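Student: Below are the chains, spelled out letter by letter.
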Amino acid sequence: MPERVAIVGVGHSDIRSITPGLSCKEMMYEAAARAYEDAGVNPRKDVDSFICVSEDFWEGTSIYDEYVPDQLGGALRPVHTVTGDGIHALACAAMLIRTGMARVVVVEGHSKHSDMRTPAHIHNFAYDPIYHRPLEAHPHHLAGLEMNRFLHVTGNTREQCGLVVKKNLANALLNPRAVYGARVSLEDVLGAPPAFTPLGELDIARPADGGFVMVVAGERAIAGLAGEPVWITGYGWCTDTPALDSRQWGEAAYARLAAQQAYRMAGITDPFRELDFAEVDDSFSYKELEHLEALRICRPGEAGSWLEEGVTLPSGDFPVNVSGGSLGVGHLLEATGLHRVYEVVLQLRGQAGGNQLPDVARGLAQSWRNLPTTTGCVVILERA
Amino acid sequence: MREKLTNPEHVRTWPGSIPVEYVYTAGVAGEAYLRAIKERGRLAASACLGCGTKYLPPRLYCERCFEKTGEPRDVEARGTVETFTVAHRDLEGRQLEPPVVYAFVRIDGTAGGLVHRLGEVDPGDVHIGLEVEAVFLPPAQRTGSILDIAHFRPVRHRPAAT
Chain A
1 MPERVAIVGV GHSDIRSITP GLSCKEMMYE AAARAYEDAG VNPRKDVDSF
51 ICVSEDFWEG TSIYDEYVPD QLGGALRPVH TVTGDGIHAL ACAAMLIRTG
101 MARVVVVEGH SKHSDMRTPA HIHNFAYDPI YHRPLEAHPH HLAGLEMNRF
151 LHVTGNTREQ CGLVVKKNLA NALLNPRAVY GARVSLEDVL GAPPAFTPLG
201 ELDIARPADG GFVMVVAGER AIAGLAGEPV WITGYGWCTD TPALDSRQWG
251 EAAYARLAAQ QAYRMAGITD PFRELDFAEV DDSFSYKELE HLEALRICRP
301 GEAGSWLEEG VTLPSGDFPV NVSGGSLGVG HLLEATGLHR VYEVVLQLRG
351 QAGGNQLPDV ARGLAQSWRN LPTTTGCVVI LERA
Chain B
1 MREKLTNPEH VRTWPGSIPV EYVYTAGVAG EAYLRAIKER GRLAASACLG
51 CGTKYLPPRL YCERCFEKTG EPRDVEARGT VETFTVAHRD LEGRQLEPPV
101 VYAFVRIDGT AGGLVHRLGE VDPGDVHIGL EVEAVFLPPA QRTGSILDIA
151 HFRPVRHRPA AT
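Here the protein sequences line up with chains A and B, keeping their order.
Its first residue numbered 1, the first sequence is counted upward by one per residue in our numbering.
Its first residue numbered 1, the second sequence is counted upward by one per residue in our numbering.
Everything labelled a hint here was simulated from the structure, so no lab data went into it.
Keep in mind the model is a prediction, meaning the values are calculated, not measured.
For each residue, glycine too, the CB sits at the ideal point set by N, CA and C.
Heads up, a few of these hints could be off.
[Stated by the list, open to error] Distance ranges between label pairs, derived from CB positions:
| id | chain 1 | residue 1 | chain 2 | residue 2 | range |
| --- | --- | --- | --- | --- | --- |
| 1 | B | 60 | A | 69 | 21 to 31 Å |
| 2 | B | 60 | A | 176 | 50 to 60 Å |
| 3 | B | 12 | A | 133 | 31 to 41 Å |
| 4 | B | 155 | A | 134 | 19 to 29 Å |
| 5 | B | 95 | A | 42 | 14 to 24 Å |
When you get a sec, could you build the whole thing from the sequences and use the hints?
Tutor: Spelled out as structure tokens, the structure:
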């Protein structure tokens, strides 16, 4: 039986729309210092391995992994970087521990979006260079294409996507980490300028800066640490083909399969009954609905009516994105998944302040690697 | 201590840029596709020798069963709008006036398709299921690129000859 693994410390730098006062490395240091304080560890003595998640093009450095160790306290120690989403890195940490390679592992992810002058151009570089990029379209046009197909196939409506925006922006008002909290009406969302129809301006999560660090430890190492453990009981990840001509339009198959893997590991057969709440990807409004259906939390075509019935409100039967999600908090690039995990950890510890849900014992965090990818990660977290 | 910065470019920043230039090799299957476009004003597809899935753009291998595919064959550049969006912003984030319609077009007789612009149609008349055909640039202007297709337009069903 592999060792049980828990998150024993979490920390983040202040999440903001711009961060002119700190360099990216200083932001990471701020997050790390808070996480180590929370866990009661000294990174120079107690941590066996460090994992960062980053993408060189977002960082503006060709070898960003080499710029990682010092601000985390990881110089002259095992350090590696994974690309993808922060939940990929969290799964790597769990596996290092379960294989006996390490007892305590640190995971880091961040966004310094405000340092980028040409983010749409950098983003566009992710699109197929021969078959797609020559169109020189704004990268978000692909979200418009996806959304239109998703609504067509499932019968969910544009109005129901607007309710996602209304809910998440309102939830964010109670979250001190959120940058974009607001009280908006459905009419505000539907009346916003069209961006990539049916997607409107308010349906698109706006970027934010912020760093997240988590200390992960195996059961045997936990006894000597101060932090309250939140157990990682299941994780999974999946990538569909990148090809637009053969990927599954209208369904987030990557999230369905990643969840299957995580549910199997955690022994979950009925996610709606066995989970108490979820933080799922809402980089674009429709994505929350698409992901809820892919995660089998609700049935295909049912997510939109759940919104109307209030099922996913903080007071509902299955709260979703109580934190405000990416729409309300801000999109944090590869750190987005770690932010979702952070919010789930606070809920399970009973430290979510104004957003705290009553009596929650088991939650799910799900991430998507954003356009144009078909990569998703899922992690299941449980209170001791 | 109470100083607040509101513009990150006013202090303590250093501008940098990366001149990023590549030549992307189209490959065996990609070259067949781009040649069909440039030389014959058609598209090309290749079928898996195992499961028969017909890929467009053509590929050397099947992603479903990992078998090889057969020789690419030309197909008519006609298909159906599987989904579309009306883009109101360009790559710089500026307002597009008039807006540009992009669609994923599923090409007839294949499992594949491509994203391209729609033209010669009012955005309000576009719908999922619309039958469209490619409008190619004149042969002399083609370079072997998906931009040799100016756009896709609705198929006009001609009245029967009298």
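Student: Taking the hints in turn, state whether each one holds.
Tutor: Hint check results:
no.: 1; hint: B:60 x A:69: 21 to 31 Å; in the structure: violated, 41 Å
no.: 2; hint: B:60 x A:176: 50 to 60 Å; in the structure: holds, 53 Å
no.: 3; hint: B:12 x A:133: 31 to 41 Å; in the structure: holds, 34 Å
no.: 4; hint: B:155 x A:134: 19 to 29 Å; in the structure: holds, 24 Å
no.: 5; hint: B:95 x A:42: 14 to 24 Å; in the structure: violated, 53 Å
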